[in-house]
Structure formats: structure tokens, C-alpha cells
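Novice: The primary structure of each chain is shown beneath.
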Amino acid sequence: MDLHLLGSDTLAIAPLLLLLGVGLLIMLLDSFRVHASIPWLAGLGMLSAGAWAWLAGPSQSQVVFSGMMEAGGISPLVTLFLCLAGVFTVLFVPDYLARHDNKVNDVYALLVFAVLGMVLMANAHNLLMTFIGLETMSMCLYIFAALFKTDTRSNEAGLKYFLLGSFASAFLLFGIALVYGITGTLDLGELSTKITLLQENKALFYVASGLMLVGFLFKVAAFPFHNWTPDVYQGTPTPLAGFMATGSKMAAFVSLGIIIEKLELVSPAVDNRLATVLALTAFLTMVYGNLVAARQTNLKRMLAYSSIAHSGYVLLGLCAPVFGFQAILFYMFIYTLMNIGAFGLLGMAEQRMEDTDIESWKGLGKSSPYMAGAMAVFLFSLAGIPPLAGFMSKYQVFLSAIREDLVVLATIGILTSVVGAFYYLRVIFLMFFQTTEQPSTLNLRQKMAPATGIAVLVLLIILLGVFPSLILDPIRAAFSSDLVIEMASQP
Amino acid sequence: MEALLPLVILLPLLGSALVGLGGFLAPGFRKNESLVGLIATAMVAIPFFIIAAAFFQFDGTPIQISLFSWMQAGDLNISFSYEIDQLSLLMGMIVTGVGSLIHIYSIGYMHGDGGYYKFFGYLNLFIFAMNNLIFGDNFVVMFLGWEGVGLCSYLLIGFWYKDMPKAIAAQKAFIANRIGDFAMIIAMIMVFNLIGSLNFSDLNAAVADGSLGDNAMWISLLIFIAATGKSAQIPLFVWLPDAMAGPTPVSALIHAATMVTSGIYLVARLNPVFSASPEVMTIIVIVAALTAVVAALIAIAQNDIKKVLAYSTVSQLGFMFMALGAGAYTAAIFHVMTHAFFKACLFLGSGSVIHAMEHMHTVEDPQDIRTMGGLRKYMPATSTTFWISTLAISGIIPLAGFFSKDEILTSLFLFDESAFSIYKIVWFVATLTAVLTAVYMTRLTMLTFEGKERFPDTKHPHESPASMTIPLWILAALAVVGGFLGLPYLIGHGEFHLLNHWLEPVITNNPAIEENASFGKEIFLILLSTLLAIGAVFFTRNLYRKHGLAADAKVKKAFGGLFRVMEGKFFLDELYNAILIKPFMSIGNRALSWFDNNIVDGAVNGSGTVVANIGESFRKLQSGLISNYLLIITTGVVAMLGYLIFG
Numbered sequence: 001m002d003l004h005l006l007g008s009d010t011l012a013i014a015p016l017l018l019l020l021g022v023g024l025l026i027m028l029l030d031s032f033r034v035h036a037s038i039p040w041l042a043g044l045g046m047l048s049a050g051a052w053a054w055l056a057g058p059s060q061s062q063v064v065f066s067g068m069m070e071a072g073g074i075s076p077l078v079t080l081f082l083c084l085a086g087v088f089t090v091l092f093v094p095d096y097l098a099r100h101d102n103k104v105n106d107v108y109a110l111l112v113f114a115v116l117g118m119v120l121m122a123n124a125h126n127l128l129m130t131f132i133g134l135e136t137m138s139m140c141l142y143i144f145a146a147l148f149k150t151d152t153r154s155n156e157a158g159l160k161y162f163l164l165g166s167f168a169s170a171f172l173l174f175g176i177a178l179v180y181g182i183t184g185t186l187d188l189g190e191l192s193t194k195i196t197l198l199q200e201n202k203a204l205f206y207v208a209s210g211l212m213l214v215g216f217l218f219k220v221a222a223f224p225f226h227n228w229t230p231d232v233y234q235g236t237p238t239p240l241a242g243f244m245a246t247g248s249k250m251a252a253f254v255s256l257g258i259i260i261e262k263l264e265l266v267s268p269a270v271d272n273r274l275a276t277v278l279a280l281t282a283f284l285t286m287v288y289g290n291l292v293a294a295r296q297t298n299l300k301r302m303l304a305y306s307s308i309a310h311s312g313y314v315l316l317g318l319c320a321p322v323f324g325f326q327a328i329l330f331y332m333f334i335y336t337l338m339n340i341g342a343f344g345l346l347g348m349a350e351q352r353m354e355d356t357d358i359e360s361w362k363g364l365g366k367s368s369p370y371m372a373g374a375m376a377v378f379l380f381s382l383a384g385i386p387p388l389a390g391f392m393s394k395y396q397v398f399l400s401a402i403r404e405d406l407v408v409l410a411t412i413g414i415l416t417s418v419v420g421a422f423y424y425l426r427v428i429f430l431m432f433f434q435t436t437e438q439p440s441t442l443n444l445r446q447k448m449a450p451a452t453g454i455a456v457l458v459l460l461i462i463l464l465g466v467f468p469s470l471i472l473d474p475i476r477a478a479f480s481s482d483l484v485i486e487m488a489s490q491p
Numbered sequence: 001m002e003a004l005l006p007l008v009i010l011l012p013l014l015g016s017a018l019v020g021l022g023g024f025l026a027p028g029f030r031k032n033e034s035l036v037g038l039i040a041t042a043m044v045a046i047p048f049f050i051i052a053a054a055f056f057q058f059d060g061t062p063i064q065i066s067l068f069s070w071m072q073a074g075d076l077n078i079s080f081s082y083e084i085d086q087l088s089l090l091m092g093m094i095v096t097g098v099g100s101l102i103h104i105y106s107i108g109y110m111h112g113d114g115g116y117y118k119f120f121g122y123l124n125l126f127i128f129a130m131n132n133l134i135f136g137d138n139f140v141v142m143f144l145g146w147e148g149v150g151l152c153s154y155l156l157i158g159f160w161y162k163d164m165p166k167a168i169a170a171q172k173a174f175i176a177n178r179i180g181d182f183a184m185i186i187a188m189i190m191v192f193n194l195i196g197s198l199n200f201s202d203l204n205a206a207v208a209d210g211s212l213g214d215n216a217m218w219i220s221l222l223i224f225i226a227a228t229g230k231s232a233q234i235p236l237f238v239w240l241p242d243a244m245a246g247p248t249p250v251s252a253l254i255h256a257a258t259m260v261t262s263g264i265y266l267v268a269r270l271n272p273v274f275s276a277s278p279e280v281m282t283i284i285v286i287v288a289a290l291t292a293v294v295a296a297l298i299a300i301a302q303n304d305i306k307k308v309l310a311y312s313t314v315s316q317l318g319f320m321f322m323a324l325g326a327g328a329y330t331a332a333i334f335h336v337m338t339h340a341f342f343k344a345c346l347f348l349g350s351g352s353v354i355h356a357m358e359h360m361h362t363v364e365d366p367q368d369i370r371t372m373g374g375l376r377k378y379m380p381a382t383s384t385t386f387w388i389s390t391l392a393i394s395g396i397i398p399l400a401g402f403f404s405k406d407e408i409l410t411s412l413f414l415f416d417e418s419a420f421s422i423y424k425i426v427w428f429v430a431t432l433t434a435v436l437t438a439v440y441m442t443r444l445t446m447l448t449f450e451g452k453e454r455f456p457d458t459k460h461p462h463e464s465p466a467s468m469t470i471p472l473w474i475l476a477a478l479a480v481v482g483g484f485l486g487l488p489y490l491i492g493h494g495e496f497h498l499l500n501h502w503l504e505p506v507i508t509n510n511p512a513i514e515e516n517a518s519f520g521k522e523i524f525l526i527l528l529s530t531l532l533a534i535g536a537v538f539f540t541r542n543l544y545r546k547h548g549l550a551a552d553a554k555v556k557k558a559f560g561g562l563f564r565v566m567e568g569k570f571f572l573d574e575l576y577n578a579i580l581i582k583p584f585m586s587i588g589n590r591a592l593s594w595f596d597n598n599i600v601d602g603a604v605n606g607s608g609t610v611v612a613n614i615g616e617s618f619r620k621l622q623s624g625l626i627s628n629y630l631l632i633i634t635t636g637v638v639a640m641l642g643y644l645i646f647g
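Going line by line, the protein sequences match chains P and H. If you count the first sequence from 1, position 197 lands on 197 in the working numbering, and the numbers rise without skipping. If you count the second sequence from 1, position 110 lands on 110 in the working numbering, and the numbers rise without skipping.
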């Protein structure tokens, strides 16, 4: 390999290197006791990594670093989305930690590393890189869950997440190993040329792809691999739980989407059984998530179950190749905005444990109308009520499913989202239409950074609901320049 | 002219933003009631004048206005585009015209209310959504408006949300409408799947070239189900009477004149689809007739002035759907228009009465007609306009209600030639309902305005301010002359049915009605309904003049056992509670608690205990749970791999 090539390869993954540098710098600064600037550094670092990827990334898709990573195509956009998830999260974290007397500055380094892992995972061109990215991300998330060392709930969350997560990673690794066993390669590009070979070893291929699927389905909290979600989210510091529910899912879904496209897992011409499994999982996840969410009395748990339900909708999109993939990228971005907003706002209100009970949000519309209004926007959007962005993202997913003749599944999706609207609206109802004798006990702090975050998120949700093409067009353009996915989808 | 048309859509939105956000951010502006009222009214009145100008300059070719492309996905292009044609212009005039009057009225009515700016913000937002519903040229824009009017109605019903019943009424309306919306979404999916487009014109064209086949039936049935929610027909009408909890101008605008007629508008807009599915038309006509007669019977037994008007609205909506079911789309739209005039006038009049009763502070319930009586003396303008509208809705010739109702009855009678058919039965029920209408409306007016005062005479009620009475007079005048837009076929063979000529390019009525018409039949029908209406009004008036409130007992006796059913509103709420809500809740609860205990995490219980038992028990629980979780995951893996390998 000549040096010139190495140079352009390095340039192609510059955002990753930037993230790495920022993460290391934060750890360094922390040991020199320079605390105040750390959150800023983390935020700006992630923002510039995202911006760099998007503005300076190669437009046509290419494979770099001896086939390990992919650059161009959809990867700049995915990198931007993942970095933005980190940036929005970092706006809420300092205030939250300060209020809980926790001064662990490592959390910012971990946040940057988590984003690094996600980007690695979503841009991988080799299953090994996928796994390394996933583990990098997961390690950081395990620590997030256990961040409050003295809180039993946080300990419980960390341990549970770690044990179950390792269990799921083992499935994924085993699946990858089997793929290697059949084909002798882990390169996704090469794998897509060996589909006939995979098809010949049908039983082994099923086991391999099934096990890989389990690993991903665990990360995205799909039924029946979801049960860690409520406990872990509840124990995790709230803004970081928001990050967990969005960034890690986006990375996992993109990675899964790429694998599905390249190995043609749901292509009707090749095989139907995996498509059935995926469709069934989507169905169960949508139904289960929405039904159980409706029973929750704790807002954080409700959002956890709601995130399970949302995974179901994304899985529905995955059942519909290419168009569905475009739709879920859009969906995940919008979902990231709404969920980080909702979790962030919840974190701003949270002082004691009871603060996450739905009951204590009663009458908030009177005591802090702005914050309650913002929460209403997030919840309305999560419920998929037009003209907010959440409607548009659901619409795109259902539309892509209908295009692939998954009408029954799409109808069930719509039906469950109608059921789902109930529990979001219940919170809004409590906030605005229920007046209690004493005003809400919540003390919503309006510090500059989180308040700005909320304002930006609300504006984006409204803006993207009315002008979805602002994001949809770049997504479509990215897909049409992604030759690998385009080629794989050709019969 | 065309350049101004986008303003019809945009101005109400701008007004809503100005008034709502302005009031929210600037407390000073919030206090300035006259400015708030002026802005909000102007943002509806200006669109009215633009639509009116467009109406009179209209040259017969529909105008397309595209604001911007909303989303593009492959071959599907959905844009915020609007179609200005005969039907949408007419409907738009009604909505913005009546809307302007109600805005003016609200300036006086809402005076001093803490949420003044909010009220006008919502009201403008409603007009914006309604304009989207009317002018949208595709399902998506229409559906946005459809959802938007629902949302505004929900917000406005719960406007005084400090009372729990009002907040509950808002929820009931919301849920009933959700059921309808679900049908609408499925209809949209079907349409898109079948013709690859969501434009109304494409759908109508697909019916015309026969490519839709049997599916026209399913689409029209689903759209009708959606309409039963929004337009309050059996079985989803229960929300409308409860919706009267909102401020009275809202009842007049949303729950009488405009929003509730949007289902009828939609059916008329898609008239080729419905004409292609006679089975659905029969269903519509039966459901509508049942709704009309049931609601009219309930109205007789109510004592709340707004409840009577609410059931009357349900009943009149039934008339409109009967017209649709007979394929007489023009007649339905005609009745939408005349009903908007007289029912808005009646509701605003009732608001004026409630306003006066409230300000006396001597009666417990300012809406109970049993504590009114003799108000004519104190409120001449309100009582005169109320009487005019009462006569109009009762179908007294030559007021507006006579012409539109007569046209509906005629269409039902002339639908087929056989002496005994479903449509003949429906005609009979409709005629009966018309008589009942005259009875309950006359009773309401007599008990409210005539006879002796039944409230303590320590204080006197006062007539409302001019900002409230002027809209009443305008609406009453329209209720008098509005009918002349559609003179019966009898006169000059339909030449003077201006509405028919106007709507001809967009609406194709059932041709059988005209074919079956003859001079003898028509004159018989006109005479019959005239005599019945006049007779019913006179009979009821004399009864209540002679006996006053005691006449209610005579009515009760006349209806016998049926009266208890009427009083109990046919026990529909109880019925729904027993057959739908309770079993659903109990099944849901039982299934879900089984879910909770056995399948779901167990952590729902677990996490509560975790906090309580730190230490030893914590560890035990913990390990128990994790292995539990692993078991579930492993079961999932085994099931999945089992299917993949052996399935």
C-alpha cells in the first residue's frame, strides 16, 4: 500500500480520529483538574466531528483501510446524526450531574468514546469492525448505567445491563464466527458476492444470521430481548438514558440495516424465513411496547417502554428493503430529537425519585407553561400527531412498508400507534387539564444550556414536521450515492 | 385575484400565531381585549371577502394553488396544494362567513375571561384547519385539516378545564373521533395502494374509468365510518352532546355550523365513489334515519337549552346524511348551508340567554329552561331572532329550512317508484322527524321566551350588547332568505335552483330522482310537509301557552314508557359502558395484569422492592431477576432458531 493511499484513507476517517483525540484530551484535562471547559470541549468536539463528516466527507461511497471501514454514501450523514445525538445529550448532562452532586468528569470522555463506537459500528465494512464498534459503545453505556456509585438502583442497572449485554454480544460474536466458517471472510463487500455459498449451507446460514440478529435485537430492545430496558433506563442518569435510547439504537439499526441489505436477508427472491422472523419481531415489539407502556405510572419507565414500541416501528421499516432503510434513518433521527428532548426535560425536573412519577407532573402547565409546552411537543411528536416531525417519520415508515405490500403489518402498526397515543396524551392531560390544590412540586430549573437544548429540539421537531425534505432529501441523495447498497438491492 | 387566494389559508394561521403567541409572551397584549378580538376577527373576515370575490368572479375552471411540496417519495408527491372549485368556494364562504360573525359575537361573549387571547388563538387555528380540510386537493392535506379541527375542538371543549366534567367531555370527543380517524387512515392506505395517488380528482377519475371495481364499496364504507365520528352519527354520536361543555360560540361554530358537517362535505366531494357503491348508500340512509329520529326524540325530553340544540344538531346531521344516502348531494350541501345559518343563530341566541341568566346570579343552572320563561320582555332582539330560526328549522314556508328539508324529503320519496321500499320507510321516518323537530324547537322557544318568568324576580335579565345581537340579526336574516338559493324543481323545472346549477360541474346527483319526479307527487310532498310543520308548531305553541311548564307532563304522558327512554338518552352511554368500555377494561386489566405478573419483567413489582430491601434481599432478588431475563432471552433465541431451521 503506498503512502498516498494511506493519506486519503486517514482523511476519510478523520471524524473518528477527531473524536478519539477529543476523548483522550478530556481525560488529560481531567487529570490536570481543568474541569469547567470539559463539557464544552466534548460538545464542540462532537459537533465538529459531525460537521466535518458531513461537509468534507467523500460523496461517493468507497472502502478504506484495507476494507475495514466505509466512507461516503450514507456514512457521512449517519456520522452527523450520531454526533448530534451526543451534542444534544451533552447539553443536559452537566446540570443534571451538578444537581445530583456527582462530579465524574470521565462521563464526557465516555460519551465521546460511545459516539466513536457508534460511528465505528455504523461505518464498518467488516463484521469484525462492527463487533469492535458495538463493544466500544456498550462498554461506555454499561458505565453510564452504573454512574451513581452509591445508588442501588444505578448499581442494579449497571450490573443487569452488563451481564445481559455480554450475553447478547456472545450471540452476535458466535453468529459472526459462523459466517466466517461458511465463507472464510468477514468483509461485507466480499460477503455480498458469496450469497450463493451462504444459501447452499442453509441450516448453518440460518443459525449464523439468527444469532447475529439476536445480538442486534438485544441492543435495540426488541421483544423478547427487551426486558433489560426499563430497569436500566430507570437506573441510568436521565439524560444519558435518553442517549442510550437513541444513539445506540440508531447505530445498531444502521448496522443491522447494512447487513440486511448486503446479505439480502429479507430479499423475497432469496429467502423468506428471516423476513418472517423480522416481521414477527416487529409485530410483537409494537404490540408489546405500546400495551405495557400504557400501564406505567412512572414517566421514565413509560418512556422506556415507548422506546421499545418505537423499535418495533423501525423493525417494520427494516422489513421493507431500501425504501424502508431510508425511512428508518429519517425515523431514527427524528426519534433521537424527540427522545433526547423528553428525557432531557425529565432530567431537568428530577430532584428526588418521586419526580419521575407521572402523578407529580400534574398541573405543570400552570406552574411552568414553557417547559410543559415543550414536553407536550415532544409527547405529541412521539405519539405521531401531525404536523410534528414524529408524524412524518411514522408516516415514512408505514409508507415504505405499504410499498412492499406489508399492508397487514403496517395496519397493525397504525393501530398500535393509535393505542400508543393514549399514554402520551395522558401525560399531557395531567399537565394541562388537571388542576390540583397545591401547585406542582416539580422544580424545573431553567439553566441556560438545557433550556437552549429544549428550545432547539422543539424548533427542529416543528420545522422538520412541516419541511421534512430538509432531512429527507439529503438522506435520499446519500442513498443514491451509496453504490454498495444500491447494488445489493438489485435483484 | 388568484394571488390573494393563499391568504385564505395563511391569514387564520398568522392570526392564531399572533394572538396565541403574542398573548402567551406579552402579558400587556393579553389584557388588550379589543386588539386581540380585532386581529382575530380580521384574520377570518379578510379571507371571507377574498373567497366571496373569487366566488363571484369564478369562471368555471377550478384553480389550483400549490404552496409547497411537502414530501416526495418516488412516485408519490404530496404537496400543500389546494383546489378552488364550486364546492370548496361555497363551503369556504359558509365557514369564513359564519366564522367571522361568531368571532364578532365572541368579542362580547368572552369579555373578561382570563383565557381571552387563548380562546381567539384556538378559534383562528380552527378556521385554518377547516380551510385546509375544505380546500385541500388531496387526502393528506384534508386529513391534516380533519385532525386539526378535531384538535381545536378538543382544546375548546376543555377550554374551561377547571371543571372535571368538561375535561372528560373533551376526552370523550377525542376518543370517538380517533375511532373514525382509524377508518380514514385505512381508507387512505387502500386508495394509495389501488391508484397510487391520494388526490381526490385521481380517485374520482379512477371510479369513472371503472378501475376501482368493488373496492369503491370498501373505500366509501370506511370514509362513511370516519364521517360518523366527525359528523356525529350512530354509533359514534355520543360525544357531541357532551361537547356542549365548551363555550357557546364554540358550540355554534364547531359543533353546529362547520366542523360537524365536514363528513358531509367529504362525501359530497367524493360523490362518484359513493354513487358507485349502492350498498353503502343504503347503509348510510338507514344509519342517518335512525340517528335523526333517535336524536329528535331525545331532544324532546331535555331541559338544558344547549343539550336540546345539540341533539337537534345530531338530528339535522342525520337529515343531511339521508340526502347523501339518496344520492342527492346538492340537497345535503344545501341543508349544510341553511343549517349553518339557523343553527348558528340558535346557538348564539342560547349563548345570549345563558349570558343573561348567569349575570343575574339567582338561578343555580343558567342553562335550565325550567328556570327561564318570559325572557322576550327583557331580551327582544335575542327572542325575535331565536323565533325566526326556530320557525326556519321547523320548516315553515318560506324560511330557509323549508326549502332544504323539503328537497331532502322529496329526494327520499322519489328515490324509487315502488310503494314500499327501504327508501320509502326512510322517507316516512324523516317526515316524522321533521314533525318532532317542530315540536321540540317550539317547546324550547316557548319555555325560554314566553309565558311567566320562573326565575326569582329580584333581578332582571338584560339584553346582550350589540356585538352579540348584530351577528344574531345577520344570521336570522340569512335564515329567512337563504332558502331562495334552491327553489324546488317544481318551480320552472329546477331553473331557479341556483345552487344546483352552481354545483353541477362537481356534483352528479342521482338521476333517478329527477326521472321519478312528477308535478302531482311534488305538490303532494310540499303540501304535506308544509301542513305538518305548521300544524306541529301551532299545536305545540298552544299547548305550552296554555299550560306553561305543566305541558311537559302532558307530553310525557303522550309518549308513555318511551319517554323514560328518551329522558335517559336511549341509555346509549350506559349501553356503551356495559358492552364496550367495561368488558374492554376488564379484559384489558386482566390480560395485562397476567402479563405483568408472568411475562413482563416482574420488575414492575421488583423495582419497588429493590428500594425497600437493600442488602441481602436485594442481591437475591437481583440474581433471580437476571436469570429470569436470561431465560426469556434464551427462549426467544431457541424459538427463533427453531423456526429458522425447521420452520
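I should point out that these hints are in silico values taken from the structure, not numbers from a laboratory. Just so it is clear, CB atoms sit at the ideal spot from N, CA and C, and this is done for glycine as well. Where hints are given, some of them may not hold.
Unchecked claim - Just a sample of chain P residues kept apart from chain H, beta carbon distances all over 10 Å, derived:
1. 10
2. 63
3. 100
4. 200
5. 386
6. 447
7. 456
As the list claims (entries may be wrong) - With a Cα cut of at most 27 Å, we get these calculated DSSO-like pairs of lysine-lysine:
8. H:557 - H:546
9. P:366 - H:172
10. H:452 - H:554
11. P:103 - P:149
12. H:31 - P:366
13. H:546 - H:556
14. H:521 - H:307
15. P:366 - H:118
16. H:307 - H:31
Novice: Going back to the hint list, which numbers does this structure go against?
Specialist: 5, 14, 16
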